[in-house]
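Chemist: Here are the chains, one letter per residue:
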Amino acid sequence: MRFSPAARQRLEWVGVHSFAIAAALFFVLPFVFVALTAVMTDQQSLTRDLWPDPFRWHNLIDVWSTPGFGTWWRNTLVYAVGGTVLTLVSSIPVAHALAHFRFRGRKLAMMMVIATMMLPPQVVIIPMYLVWAKQLHLTGTLWPLIVPLAFGDAYSIFLLRQFLVTVPREYLDAAKVDGAGELQVLLRVVLPMCRPAIAAVALFQFFYCWNDYFGPQIYASENPGAWTLSYGLQTFKSAHHTNWNFTMAATLLVMAPVIALFFLAQKAFIEGVTLTGVKG
Amino acid sequence: MSWRRRETLRNIAFLSPWLLGTGLFFLYPLLSTLYFSFTKYNGFSPPTFDGLDNYRYVFGHYPFFWPALRNTLWFVAVMVTLRTVFGMAVGMLVVRLRRGANLFRTVFYAPYLAPPVASTLAFVFLLNPGTGPVNTVLHRLGMPEPGWFNDPTWSKPALTLLALWGIGDLMVIFMASLLDVPKELYEAADLDGAGAWSRFRYVTLPHLRPIVGFSVVTGVIATMQYYTQPIVAGEVASGHIQGSGQQFEPGYPEQSTLTLPQLVYNLGFQRFDIGSACVIALVLFGLSMGFAAVLMRRGSVFLGGDL
Amino acid sequence: MTRSTSRRGTRRLTVAAVALALPLTVSACTGSSEGGNNDDPDADVTITFWHGWSADSEVAAIQATIDAFEEANPNIHVKAVGNITDDKINQALRAGGSSAPDVVSSFTTDNVGQFCTSGAFEDLTPFMAESDLDPAATFPPAQLEYTQYQGNQCALPLLSDAYGLYYNKDMFAAAGITEPPKTMSEFDADAVKLTKETGDGYSQLGFMPNYHGYESSISHFVAQWSPTYFTEDGKSNVANDPVFAQSMEWQKALVGKLGGYDKLEKYRSTFGDEFGAKNPFMTGQVAMAIDGEWRAGMIAADAPDLNFGVAPFPVPDDQADTYGKGYITGTIVGIASTSQKQNAAWRFVQFLTSDTKAVVDFANAIHNVPSTLAALASPDVSQDPAMQTFIAIASDPDSNTTPASPNGGAYQLTLQDLGYAFESGKQSDLQAGLSDTAAQIDTDVAQSK
Numbered sequence: 000m001r002f003s004p005a006a007r008q009r010l011e012w013v014g015v016h017s018f019a020i021a022a023a024l025f026f027v028l029p030f031v032f033v034a035l036t037a038v039m040t041d042q043q044s045l046t047r048d049l050w051p052d053p054f055r056w057h058n059l060i061d062v063w064s065t066p067g068f069g070t071w072w073r074n075t076l077v078y079a080v081g082g083t084v085l086t087l088v089s090s091i092p093v094a095h096a097l098a099h100f101r102f103r104g105r106k107l108a109m110m111m112v113i114a115t116m117m118l119p120p121q122v123v124i125i126p127m128y129l130v131w132a133k134q135l136h137l138t139g140t141l142w143p144l145i146v147p148l149a150f151g152d153a154y155s156i157f158l159l160r161q162f163l164v165t166v167p168r169e170y171l172d173a174a175k176v177d178g179a180g181e182l183q184v185l186l187r188v189v190l191p192m193c194r195p196a197i198a199a200v201a202l203f204q205f206f207y208c209w210n211d212y213f214g215p216q217i218y219a220s221e222n223p224g225a226w227t228l229s230y231g232l233q234t235f236k237s238a239h240h241t242n243w244n245f246t247m248a249a250t251l252l253v254m255a256p257v258i259a260l261f262f263l264a265q266k267a268f269i270e271g272v273t274l275t276g277v278k279g
Numbered sequence: 000m001s002w003r004r005r006e007t008l009r010n011i012a013f014l015s016p017w018l019l020g021t022g023l024f025f026l027y028p029l030l031s032t033l034y035f036s037f038t039k040y041n042g043f044s045p046p047t048f049d050g051l052d053n054y055r056y057v058f059g060h061y062p063f064f065w066p067a068l069r070n071t072l073w074f075v076a077v078m079v080t081l082r083t084v085f086g087m088a089v090g091m092l093v094v095r096l097r098r099g100a101n102l103f104r105t106v107f108y109a110p111y112l113a114p115p116v117a118s119t120l121a122f123v124f125l126l127n128p129g130t131g132p133v134n135t136v137l138h139r140l141g142m143p144e145p146g147w148f149n150d151p152t153w154s155k156p157a158l159t160l161l162a163l164w165g166i167g168d169l170m171v172i173f174m175a176s177l178l179d180v181p182k183e184l185y186e187a188a189d190l191d192g193a194g195a196w197s198r199f200r201y202v203t204l205p206h207l208r209p210i211v212g213f214s215v216v217t218g219v220i221a222t223m224q225y226y227t228q229p230i231v232a233g234e235v236a237s238g239h240i241q242g243s244g245q246q247f248e249p250g251y252p253e254q255s256t257l258t259l260p261q262l263v264y265n266l267g268f269q270r271f272d273i274g275s276a277c278v279i280a281l282v283l284f285g286l287s288m289g290f291a292a293v294l295m296r297r298g299s300v301f302l303g304g305d306l
Numbered sequence: 000m001t002r003s004t005s006r007r008g009t010r011r012l013t014v015a016a017v018a019l020a021l022p023l024t025v026s027a028c029t030g031s032s033e034g035g036n037n038d039d040p041d042a043d044v045t046i047t048f049w050h051g052w053s054a055d056s057e058v059a060a061i062q063a064t065i066d067a068f069e070e071a072n073p074n075i076h077v078k079a080v081g082n083i084t085d086d087k088i089n090q091a092l093r094a095g096g097s098s099a100p101d102v103v104s105s106f107t108t109d110n111v112g113q114f115c116t117s118g119a120f121e122d123l124t125p126f127m128a129e130s131d132l133d134p135a136a137t138f139p140p141a142q143l144e145y146t147q148y149q150g151n152q153c154a155l156p157l158l159s160d161a162y163g164l165y166y167n168k169d170m171f172a173a174a175g176i177t178e179p180p181k182t183m184s185e186f187d188a189d190a191v192k193l194t195k196e197t198g199d200g201y202s203q204l205g206f207m208p209n210y211h212g213y214e215s216s217i218s219h220f221v222a223q224w225s226p227t228y229f230t231e232d233g234k235s236n237v238a239n240d241p242v243f244a245q246s247m248e249w250q251k252a253l254v255g256k257l258g259g260y261d262k263l264e265k266y267r268s269t270f271g272d273e274f275g276a277k278n279p280f281m282t283g284q285v286a287m288a289i290d291g292e293w294r295a296g297m298i299a300a301d302a303p304d305l306n307f308g309v310a311p312f313p314v315p316d317d318q319a320d321t322y323g324k325g326y327i328t329g330t331i332v333g334i335a336s337t338s339q340k341q342n343a344a345w346r347f348v349q350f351l352t353s354d355t356k357a358v359v360d361f362a363n364a365i366h367n368v369p370s371t372l373a374a375l376a377s378p379d380v381s382q383d384p385a386m387q388t389f390i391a392i393a394s395d396p397d398s399n400t401t402p403a404s405p406n407g408g409a410y411q412l413t414l415q416d417l418g419y420a421f422e423s424g425k426q427s428d429l430q431a432g433l434s435d436t437a438a439q440i441d442t443d444v445a446q447s448k
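Top to bottom, those sequences are chains X, G and P.
Just so you know, we're using numbering that gives the first Met the number 0 here: the first sequence kicks off at 0 and counts up by one.
Just so you know, we're using numbering that gives the first Met the number 0 here: the second sequence kicks off at 0 and counts up by one.
Just so you know, we're using numbering that gives the first Met the number 0 here: the third sequence kicks off at 0 and counts up by one.
Quick caveat, the hints were computed from the structure, so don't treat them as lab data.
Don't take every hint at face value.
[To be verified] Cut-off 27 Å, straight-line C-alpha distance, at most; resulting in silico cross-link-like pairs (DSSO-like, lysine-lysine):
1) G:K39 to P:K425
2) P:K356 to P:K425
3) P:K256 to P:K192
4) X:K133 to P:K181
5) P:K192 to P:K265
6) P:K356 to P:K251
7) X:K133 to P:K448
8) G:K155 to P:K425
9) P:K425 to P:K262
10) P:K168 to P:K234
11) P:K262 to P:K251
12) P:K192 to P:K181
13) P:K251 to P:K192
14) G:K39 to P:K448
15) P:K234 to P:K195
16) P:K78 to P:K181
17) P:K425 to P:K251
18) X:K133 to X:K175
19) P:K168 to P:K78
20) X:K133 to G:K39
21) G:K155 to P:K262
22) P:K234 to P:K181
23) P:K265 to G:K155
24) P:K195 to P:K168
[Claimed, not checked] Simulated coverage check for chain P against chain G, where a stretch passes if three residues somewhere in it have a Cβ under 8 Å from a Cβ of chain G:
25) 86 to 95
26) 229 to 235
27) 241 to 253
Positions of the beta carbon are idealized from the N, C-alpha and C atoms, including for glycine.
I would like the entire structure built from these sequences, with the hints used as guidance.
Modeler: What follows is the structure, given as structure tokens:
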């Protein structure tokens with residue numbers, strides 16, 4: 000049985016939109032649950048009841064004024080912003096070198112970048128932790144998380160390199176003919192052309208730092224003054240009891256800024272992803 | 000100064016932060032891990048050389064190692080595949096939609112931004128076999144109610160569902176690539192009378208191949224590091240709250256959610272056995288490098304350009 | 000190609016040098032920071048105290064104790080940090096440095112063996128000797144047992160937990176049961192009488208025997224049989240001491256009598272949070288439960304209308320004359336070996352653990368069982384009948400605990416895994432399972448030495 004093109008189109012339309020609705024439900028419902036639990040009383044959270052009764056909007060204020068919440072915000076911002084800036088400053092020159100310089104061992108360097116990218120942090124965490132703890136006595140702070148980003152982040156280097164490779168040689172050569180040094184070529188010619196890619200990499204790094212759990216758990220957990228939001232979330236779980244409603248309320252407060260950031264930066268972000276050559 | 004010399008200096012200048020970083024944060028710890036794997040070290044007293052003892056223990060007598068390894072391979076096979084397919088499907092969906100594309104995009108992407116601890120907690124509750132909304136609905140529909148995070152057969156699928164919920168990043172990448180397919184190709188296919196499936200197979204899919212490659216690579220990387228979600232899910236689903244004196248049960252239920260990174264944490268930070276933790280770390284490393292080698296074989300796919 | 004050969008040669012040399020230098024650098028990086036007990040305890044000093052309490056009432060209670068100490072010792076100031084778990088303790092003690100605590104307390108006794116053998120906690124024996132504190136005369140034997148390992152008393156008990164039987168008096172009356180069961184046979188009979196099955200569920204369950212059922216764990220059950228976990232030379236005894244098999248057979252039989260493993264597991268998944276208001280005993284989902292003394296306080300707060308009683312948990316029929324015993328555990332406190340102010344720290348630890356008034360007040364405030372012989376006998380201890388029952392259990396000479404081990408609670412976990420397999424039917428040969436478990440425990444212990 001063959002469908003007429005009109006019927007086929009209609010079927011497609013129905014199919015696509017059914018899938019869209021199903022997918023939308025799948026993505027939205029857990030959020031709805033989080034939001035509803037966030038305004039439940041402690042007694043009611045995590046019981047069979049799905050609808051809060053009464054509504055405790057005050058939970059959000061309670062969570063915000065939890066001792067330490069402000070500190071966690073500050074720490075997360077420091078880590079995310081500081082980490083992103085350092086990543087960019089250290090990774091861009093490396094990506095530029097890997098994309099545009101010809102030198103012996105360039106292939107090896109590229110392999111190393113990929114190898115480090117594939118390295119799970121748990122592989123090196125123990126000696127790193129021992130150094131930070133015993134030699135430098137810097138555990139209980141965020142330094143062990145931020146400092147390594149000043150030395151380049153393999154993932155960012157890789158993405159940036161993929162894009163930089165697409166900058167036509169003529170632009171670089173033209174600049175050099177005009178007498179620009181390498182650094183100036185990078186700053187004046189290459190960077191302005193790569194804005195979307197840099198924005199994308201910056202956002203990736205920012206989100207990674209914002210939600211990082213493993214890092215703060217290992218390095219910052221012993222000092223509540225150094226906790227970040229993602230780690231602080233599990234503080235509503237004390238030795239005897241878990242405050243689910245507060246945990247969910249805190250989740251909302253933690254997610255709100257990043258969602259807002261994504262919404263605003265959507266265009267730059269998507270353009271950036273398109274242009275980082277990730278798609279080949 | 001010769002031009003050659005200047006070039007070398009320039010190279011070093013640009014590469015130096017990364018070279019230093021690789022030495023300090025990759026080579027040094029990797030060699031340290033190798034060294035420690037041959038010692039008995041509890042973190043308090045100095046390490047003592049122990050030969051292959053830790054290796055014998057981990058491979059022969061540590062009951063959690065082989066289940067964790069099997070789980071990791073399961074996740075690589077199933078979770079990476081499903082994420083790629085689902086990411087592609089959702090990407091295609093979002094590209095198709097005309098009305099409300101912006102809203103759909105944000106809705107589909109937002110879960111990716113959820114803190115891993117919170118999203119795991121949410122899913123553990125939603126999929127609670129007794130009182131959770133999902134099973135309640137299934138019950139009303141008269142369908143079988145799986146045990147989800149409390150059932151060893153369903154715990155990994157439950158974690159996969161959680162991973163699919165956070166598909167946002169892959170969706171965006173697929174979407175970007177789909178938008179890049181030249182319209183002329185689709186028009187030509189239409190003229191030739193190709194149906195939806197043929198269009199997909201002969202126009203869309205070849206164009207997406209590099210993204211599929213990227214998605215597989217990053218998926219494998221993430222799977223090797225899979226830590227937060229399984230450990231939180233196991234803790235919460237088993238009802239063991241830390242500090243109440245109850246034993247923490249790795250990989251609840253029945254070691255089905257154990258992953259190698261959890262073992263590193265368990266041995267190194269809870270059991271005071273740094274030597275064995277390093278053995279597991281090396282296994283992780285070997286696995287990652289193994290996958291990296293395999294993927295790089297077909298590597299031009301995602302390395303692109305002139306290497 | 001001389002240039003490239005020499006380059007390759009240089010590279011080789013560099014690699015070799017790095018490889019050689021590495022163990023040296025690495026071992027240099029692993030030195031531990033040493034603490035000291037040369038401090039003058041009468042000098043003005045501030046010590047840091049890490050503990051696990053976090054609920055408002057509990058934090059207020061520990062602070063009151065600290066205030067009492069500071070009043071008696073005005074030169075020592077105590078900075079307290081709460082909500083600390085063992086993972087954080089481990090990390091801080093390894094790192095040392097100025098942010099590391101001086102006095103540490105933990106809710107779980109599991110890591111005492113590791114703290115003692117690794118030297119993370121100081122051996123308190125010399126401190127006690129200097130202060131004329133005789134541990135055997137001050138602390139009950141079970142409490143001393145779980146705070147030491149092979150003669151090294153590296154911790155002291157800071158309040159205890161005792162486990163007993165909670166039962167719903169209304170349900171007992173409705174079923175015609177006049178007093179709580181004393182032996183296992185009586186217990187089984189009562190549990191069956193109190194169970195009302197409905198189709199594929201229950202409207203009321205006598206008792207949740209499954210090992211995942213909150214405090215229904217192997218170590219809590221087998222305590223009623225007075226087990227010996229390890230032999231004199233530190234080898235696991237689970238396969239040789241018959242009580243382990245007896246206890247597990249009892250549990251499995253009870254599971255069968257109450258409806259079978261699967262049905263019970265399904266019912267268990269409907270239970271609310273253990274420490275929340277929907278605890279199954281407090282909602283009436285189960286008629287009896289094994290739980291610690293803190294449960295009475297929670298019932299008073301969240302289910303004040305519950306008509307409940309407390310009694311020691313039943314004992315096996317062939318040990319009926321030991322009725323009154325129970326499983327004991329508790330909070331432990333120790334001095335970090337990295338501390339530079341150990342003498343001052345000892346003053347504080349001594350006060351916390353052995354000053355009768357401090358112990359009694361603290362125990363009353365957080366509804367725990369006091370941990371010294373003097374405090375247990377004190378007239379100021381809460382006269383609440385539930386608490387009195389637990390005090391009797393804690394004072395009972397046959398009450399016992401899970402001993403310390405150099406690799407923490409791993410041996411309990413291994414035994415527990417066997418329990419899970421046995422109760423669900425996955426493991427049918429119990430004796431073989433116990434032998435395997437004993438072998439695994441021995442291997443793990445050997446690995447950690």
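Chemist: To test your reading of the hints: which numbers does this structure violate?
Modeler: 1, 2, 4, 6, 10, 15, 16, 18, 19, 22, 26 and 27
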